[in-house]
Amino acid sequence: MGLSALAPLWSSPGLLLVIALHPALSVPTHRDYCVLGAGPAGLQMAYFLQRAGRDYAVFERTQRPGSFFTRYPRHRKLISINKRYTGNANSEFNLRHDWNSLLSHDPRLLFRHYSRAYFPDAHDMVRYLGDFTDTLGLRVLYNTTITHVTLDKDQRAWNGHYFILTDQKGQVHQCSVLLVATGLSVPNQVDFPGSEYVEGYESVSVDPEDFVGQNVLILGRGNSAFETADNILGVTNFIHMLSRSRVRLSWATHYVGDLRAINNGLLDTYQLKSLDGLLESDLTDLAILKDSKGKFHVTLKFFLEEAGTNQSTDSITLPQDDNDNFAMRVPYDRVIRCLGWNFDFSIFNKSLRLNSGNAFGKKYPLIRASYESKGSRGLFVLGTASHSVDYRKSAGGFIHGFRYTARAVHRLLEHRHHGIAWPATELPITQLTSSIVRRVNEASGLYQMFGVLADVVLLKENATAFEYLEEFPLQMVAQLEMLTGRKAQHGLFVIIMEYGRNFSGPDKDVFFDNRSVGQTEDAWQSNFLHPVIYYYRHLPTEQEVRFRPAHWPLPRPTAIHHIVEDFLTDWTAPIGHILPLRRFLENCLDTDLRSFYAESCFLFALTRQKLPPFCQQGYLRMQGLVSTESLRQHRVESWLPRNHAATDSRLEDSSQQPGDHEPLDAPMAPGPLAQSLDSNKEEL
Amino acid sequence: MMSSGSSVFRVGISFAIVCIFYVPTIDSLPELSPQKYFSTLQPGKASLAYFCQADSPRTSVFLEELNEAVRPLQDYGISVAKVNCVKEETSRYCGKEKDLMKAYLFKGNILLREFPTDTLFDVNAIVAHVLFALLFNEVKYITNLEDLQNIENALKGKANIVFSYVRAIGIPEHRAVMEAAFVYGTTYQFVLTTEIALLESIGSEDVENARLYFFHCKLVLDLTQQCRSTLMEQPLTTLNIHLFIKIMKAPLLTEVADDPQQVSTVHLQLGLPLVFIVSQQATYEADRRTAEWVAWRLLGKAGVLLLLRDSLEVNIPQHANVVFKRAEKGVPMEFLVLHDVDLIISHVENNIHVEEIQEDEDDDVEGPDIDTQDDEVAETVYRDRKRKLPLELTVELTEETFNATVMASDNIVLFYVDWQAVSMAFLQSYIDVAIKLKGTSTMLLTRINCADWPDVCTKQNVTEFPFVKMYKKGKNPVSYTGMLGTEDLLKFIQLNRISYPVNITSIQEAEEYLSGELYKDLISYSSMSVLGLFSPNMTTAKEDFSEAGNYLKGYVITGIYSEEDVSLLSNKYAATLPALLLARHTEGKIESIPLASTHAQDVVQIITDALLETFPEITVENLPSYFRLQKPLLILFSDGSINPQYKNAILTLVKQKYLDSFTPCWLNLKNTPVGRGILQAYFDPLPPLPLLVLVNLHSGGQVFAFPSDQAIIEENLVLWLKKLEVGLENPITILPAQEWKPPLPAYDFLSMMDAATSQHDTEKVPKCMKETDVQENDKEQYEDKSAVRKEPIETLRIKHWNRSNWFKEAEKSFKCDKEL
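So the sequences go chain by chain: A and B.
The opening position of the first sequence corresponds to residue 1 in UniProt numbering, with each subsequent residue numbered one higher.
The opening position of the second sequence corresponds to residue 1 in UniProt numbering, with each subsequent residue numbered one higher.
Next up, chain A with everything else stripped away, as it sits in the complex (with noise of 0.2 Å):
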């Protein structure tokens, strides 16, 4: 994970000792593929190339696997939820709800193994880790801190170029692929004056004795400051909490990395008038004094550069001065950082084009939303440091959601390195509606990356087949041809999940009334996660991904649909769920997409030229479905409706023949069925 701040001290002269003076000792080790930190993410990818049989290696500065977790949290309690038991034996489904385990075959290596609080210790973690990187045998150089990364020009490279990693025993090694998982391990620091006087949330003490009696004031209002503020909030006199904005609420942003309710105790204090308070302002506008008794006082950077650098601090202005119900008047005994962390560029040469440069810039490397850096070809940032993708938007910033995204870039890579195509299933299309459904109900990447990973499904030519691809980073759709080797020549689908486009945010009523939407024809405006299925005539262009409309996922389909959310998540029903996602399959496609008995099969085979895609892939080849003698009786109960088409309300393709559908019409009735009507006419 987190790298020595002693790098850049080290590097510079580790370099220049080992390509100036020892040419020879100095050969290489050359990988295909190295990954920086042996933290989640490290670990995940690693898992993933072992898997390919791929020649790899993680490099890690610590000792063991998932260094991090040994330190942080501080207080030790992960707020990612261990839900062992949901009632579901598929265990797809039960990651939606696993939120530490990492992707493997074995399902020993399962987090809920682990342990049995629903927010585990963080040791747990750690165990975890060591665990699954034992059984699985991965590869993990321990003890060695990349120093320096830089790039070597060289026309035999995949990439045009080898990243070249120093380590700090002055060892070179040079990837052709260089995969970083060093997650975020630099604590984000603002600068203002009276900035020394202040605590950070990495050395703070958690000693809830030492803050007895105190007044404290916490900068931030992340999750790192309302833990800090809970382990404490039952001996200090009161808290503070100073942030630039609002509190964002997960459970209203519907973001794992807001403010979650676990958390949240300080909120409670501070409605309830128990002198804790939360206030907003721009930190780099504040002060902080220390005064002769060793209290700390906020006041303005203004007020500090009216005063000069001469004044003592007692004689310089308060806002209390002037305003004199100013609400940060007290004197606090202790003032603490949480202001989260930021990814090291330090080790990177600057060849690497990794920063970018802007505020932004600073937190997290620049990458694509394929997760390759945008300075250099074969570089990708994986975990937590690659959350600038879905930041404030989905779960790539967390083991939850990057556990996908890994498994999105080793297929990228196997496809553009080995000619392995992206893994598709090819079925007919008889089961599109099928698989569909499927995946909607138990996919754990796409119910956890939603609006990030969806599944594609490329149709075959005249839609008699399609294949079915999972997990394609969103954004990337318009070069999926590139990126995954499959070709999508005559349409495709793209299924996601979404919350209601209006539904989350800080400052949104998450409670309101008529909230979820249980009617079929309102399912656009579903409000909690739900599936939407988007179907392109033709690949969008890269053009059309850049350009598409404020708030929309991906640019504007040719048909779209929603599938109605549902209180169980359970997207089953054969009405409600499965029937609507058939008429929208089937209009898309312009075919007839119901399954049918042998019998009508037959009856249509001697009746018709052209049979439904149905009978043909299953009934003309011999794999009819045959019903049973109480499913025959039903039929000839249910007067399944003939199929007469709505002509009128097609909105699509007015070319249509208005006579086209009812041909279709008549022998619809199926053979049983008219005769039964037959014989009941006979009897009146």
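Honestly, the hints are just simulated from the structure, not real lab data.
None of these values were measured; they are calculated from a predicted model.
Be careful, since some hints might not be right.
Said to hold, decoys possible - Result set (SDA-like, lysine to any residue): computed pairs, CA atoms no more than 25 Å apart in a straight line: (1) B/469 with A/428; (2) B/386 with A/428; (3) A/610 with B/386; (4) A/610 with B/333.
What the hints assert, rightly or not - Rough simulated footprint, nothing fancy, chain A against chain B, three-plus residues with beta-carbon under 8 Å: (5) 108-115; (6) 195-205; (7) 378-390; (8) 455-468; (9) 477-486; (10) 745-757.
Note that beta-carbon positions come from the ideal geometry of N, C-alpha and C, so glycine has one too.
Since the structure of chain A is already known, use the hints to place chain B on it.
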């Protein structure tokens, strides 16, 4: 009486107009005294009067009907009145007794007819009778064929005839004919009959309903020639007759040299399609004759035009010789290649037929709801969901038990998903197999729900559902590829009790095998046993055969014999090695086939071909095997077992090679009741069974019927087949070639979203704000203002919007979008 009908009515009509001024709109029945009534009668004007006693009840059924007839009769210039016979003013029309009251029709003050009230039983009868009396010359009532022929002869070369049959005078159809005669009576001679015998004598089969024919006599110059006639196919209503006559009036054939897209005739306006016969200079004469012939056949169903390709500026496809243009706007024209007049006719008729159905349905029922299940499998499974299946007869596997179970014993595994209708339908058959096998089989029937255990299913390479695999100890799993039904799966399981091919080791065993004795209990599942004969040294051939036998396991019994004394067998069955002996157990026959190629694939092909019968009973289960041959099916539909005579006749033809290009088969309606649905699609009305039809499924879809009045004997069949071959037979129907389109539309969420956005954009912001404010103000009274949030209220408002309103709005804004 009347000198000329037409002049009467011109007077009548002008009178009616005058009427409007001095008797303001007589909607209700005027009541007059006799004296007053007679004073109102105008010369030439028709009037119907009902004379009744002054003290009679003011209302009666008759009076109500008469009251209703006032307006329609007024339209024809006929006034109606009720005349009250008072004591002072006795009139001879006033009956002596209450129940002898009558209605009288006058023209001017001349009495034309008197009607007992019971003949005027309702408004239709009143109008029909009155017009019938007035149109005495225009509508000739006849009772026999001779009368009709006389009228026909008199009018040849002069005028056309509208001949109609109604079951009785005074019924609605009669009224419709009379009303038409009122308009067209001077142009055409109307002839009316109520005699069924007359209708039958002109060749109508349907004598149940009213009929109307148009006799084209004006064209006939040769008196010995008969007038052509056209039957009106629609029910007799005033409007239909009117439309029909309009079409009869239109020219039979029009020549055009314009873009067919632009051409419009009266047919198109009346909703009938147009048929363009494409002609060129070289073949003009012949084309014109064809077109005329088509025009006669399609008279009343479509307009026929002769399109001169040479002078045409627009391009029409090279080979197209017929252009079909529907009456519906915006429907593209069809360019067809039809080399037979009958094909043109049936193409048109099929398409018209469809439209009629659609109209009927539109009238009767609303369009089906798109939320209504129209998938028969999903619907039946749903309806059956509460029935408890004896699932305990099969073992449910899980991720934990799967491997151990399939390793421990021979297993059949059903991979299914519990929410998928097809899976659940097949699960029922699977349970039925379990019931049938209960306690008799060593094969364990298991199932795994892939909705619960996706990893197991993926590992077993199962990606479609439902799917069946057989796991046998020490062998690779075998996928079941047969029908998803009880019988075929049962057969697969039973036949798999032994492994194939069976190694036969002695001549005696071989004979037992061929006779069916060896596997007595299995031959009911495989009607044929195959024995491969090889000399001991034919190693590759034997291997190939084993591969083929293994491939076919579960579908047919195969065995192999390659002992030193194999020649004893090959000699006995006149086979040259390597060879196959096919023992057909049902027929008790053993035949031999030499193996020219011993590739496994070829052997499989030979055996599957051999499984086909020469004259099978076609069933739901076996149709696909015969369908694959891509030959027209010659099907004998039989209600019950086939008559041996017919069977022999067909088998003789097979032997004589007459049927080589067909797949002859028969269908037992008792075993395959769905066959009735097929017959209904072929025949209307359905002739008596048995019926022999030839269905050209793979090229063109024509259905030919062997004439049902002929005996199914060789000579007739041969003759019929010859006629078919040279194209002398016309198809009774052509199977529709339409693609399977979506049965119903889907929700168009994209437009709904567009509508919401454009609605949001166009709505003036202040108005929107205002509404929100109002709601906020309301709430302020009892809630802290800061607690009221704007966004949710906005959302709420949309939600509570009346749904129908919503769609209207959505539609409106969608239209606006388009216009812009």
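Hint by hint, here is what the structure shows:
1. A threshold of 25 Å between alpha carbons decides the hint, and for residue 469 of chain B with residue 428 of chain A the separation of about 19 Å falls inside it, so the pair holds.
2. As the CA atoms of residue 386 of chain B and residue 428 of chain A are separated by approximately 31 Å, the hinted pair breaks the 25 Å bound.
3. At most 25 Å may separate the alpha-carbon atoms for a hinted pair to count; residue 610 of chain A and residue 386 of chain B exceed this at roughly 36 Å.
4. Between residue 610 of chain A and residue 333 of chain B the alpha-carbon distance is near 21 Å, which keeps this suggested pair within the 25 Å criterion.
5. Counting residues of the segment 108-115 of chain B whose CB lies closer than 8 Å to any CB of chain A gives 0, so the stated coverage by that chain is violated, three being the minimum.
6. With 0 residues having a beta carbon nearer than 8 Å to a beta carbon of chain A, the segment 195-205 of chain B misses the requirement of three or more and the stated coverage is violated.
7. With 8 residues having a beta carbon nearer than 8 Å to a beta carbon of chain A, the segment 378-390 of chain B meets the requirement of three or more and the stated coverage holds.
8. Against chain A, the segment 455-468 of chain B contributes 4 residues with a C-beta closer than 8 Å to a partner C-beta. That satisfies the three-residue criterion, and the hint holds.
9. Remark: the segment 477-486 of chain B is confirmed as covered by chain A, as 6 of its residues place a Cβ nearer than 8 Å to a Cβ of that chain, reaching the required three.
10. With 9 residues carrying a beta carbon less than 8 Å from a beta carbon of chain A, the segment 745-757 of chain B meets the three-residue requirement, and the given coverage holds.
Taken one by one, the earlier hints fail for this structure at numbers 2, 3, 5, 6, listed in ascending order.
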